[in-house]
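*Asks:* Protein chains in written order, with our numbering: chain A, 1 to 112; chain B, 1001 to 1116.
Hints may contain errors.
As the list claims (entries may be wrong) - From the structure, some residues in chain A lie toward chain B, with a derived Cβ separation under 10 Å:
(1) Arg41
(2) Leu43
(3) Val44
(4) His45
(5) Arg50
(6) Gly103
(7) Thr104
(8) Gly105
(9) Arg107
Derived from the structure by calculation, the hints contain no laboratory data. Every value quoted in this text rests on a predicted model; they were computed, and no experiment measured them. C-beta atoms are modelled at their ideal positions from N, C-alpha and C, and glycine is treated no differently.
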Amino acid sequence: SQQGEEDPQALSIQEGENATMNCSYKTSINNLQWYRQNSGRGLVHLILIRSNEREKHSGRLRVTLDTSKKSSSLLITASRAADTASYFCATDGYSGTYKYIFGTGTRLKVLA
Amino acid sequence: GAGVSQSPRYKVAKRGQDVALRCDPISGHVSLFWYQQALGQGPEFLTYFQNEAQLDKSGLPSDRFFAERPEGSVSTLKIQRTQQEDSAVYLCASSPSGGGSGNTIYFGEGSWLTVV
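Turn these sequences into a full structure, and let the hints guide you.
*Replies:* Structure below.
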């Protein structure tokens, strides 16, 4: 069963534009992670945000977390064609277990 | 190796055939995970090892699925009497420490299984 749902399911933008993806989840969490998956490849870890953090940056990535709304967003600024991929959020359970549950993903296409 | 290595990358099996998928985690990593990813979906948890101990196998879909990590490093996921619904990408992942969350999980490239 999927814990989270990403929104939108698919997003198509022009190179240079910003891309925003949202993730909603159902249960309380300790941590939330974002991953990228290129077509036919494994998942690459992007960023981890803890439940006591509200915002985190890494290069062109900005992640926010709103635990009251059980939602997170991933912003990619100044997008590039190489950012074309599927993006997934993954949440643990509040008990802090190892079992990360993934969402359904947002398929991002950046047009050159 | 530098990353998580999985083999075979691609496997076509006839329905009813047994398959074995191998995972070499990052050296020294305590935790090892198997996930199943259907086309167009997110990965779904199958099982978790801490060293050689299989602490959670709640995600294994049926008793045809079996995983082991006998020496706490390499792991094998075995699927007996494969069926068409087993067609998916099987992802292995590892992380440095055991238990608790907050650790980055490193994924392999996956084993693509097609059952015909």
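*Asks:* Go through the hint on A/Arg41 and say holds or violated, using the shortest Cβ distance to chain B against 10 Å.
*Replies:* Since the shortest Cβ distance to chain B is 6 Å, the answer is holds.
*Asks:* Under 10 Å, Cβ to Cβ, is where A/Arg107 needs to be relative to chain B, so tell me if that hint holds or is violated.
*Replies:* The hint holds - A/Arg107 has a Cβ within 10 Å of chain B, the shortest such distance being about 9 Å.
*Asks:* Please verify that hint: A/Thr104, Cβ, nearest Cβ of chain B, below 10 Å or not.
*Replies:* A/Thr104 check passes; min Cβ-Cβ to chain B is 5 Å, inside 10 Å.
*Asks:* Given A/Val44 as an interface hint, is its Cβ closer than 10 Å to any Cβ of chain B?
*Replies:* OK, holds: A/Val44 within 10 Å of chain B, min 7 Å.
*Asks:* Measuring from the C-beta of A/Leu43 to each C-beta in chain B, is the shortest one below 10 Å?
*Replies:* This interface hint holds because 4 Å falls under the 10 Å limit.
*Asks:* Taking 10 Å as the limit, does the beta-carbon of A/Gly105 come near enough to a beta-carbon in chain B?
*Replies:* holds, 5 Å
*Asks:* Go through the hint on A/His45 and say holds or violated, using the shortest Cβ distance to chain B against 10 Å.
*Replies:* With a closest approach of 5 Å, the A/His45 hint holds.
*Asks:* Given A/Arg50 as an interface hint, is the shortest Cβ-Cβ distance to chain B below 10 Å?
*Replies:* Hint holds; A/Arg50 Cβ to chain B Cβ min 7 Å, cut 10 Å.
*Asks:* Is the interface hint for A/Gly103 satisfied, with its Cβ closer than 10 Å to some Cβ of chain B?
*Replies:* Holds, because the Cβ-Cβ distance from A/Gly103 to chain B comes to roughly 5 Å (cut-off 10 Å).
Going down the numbered hints, you'll see the structure goes against none, and every one checks out.
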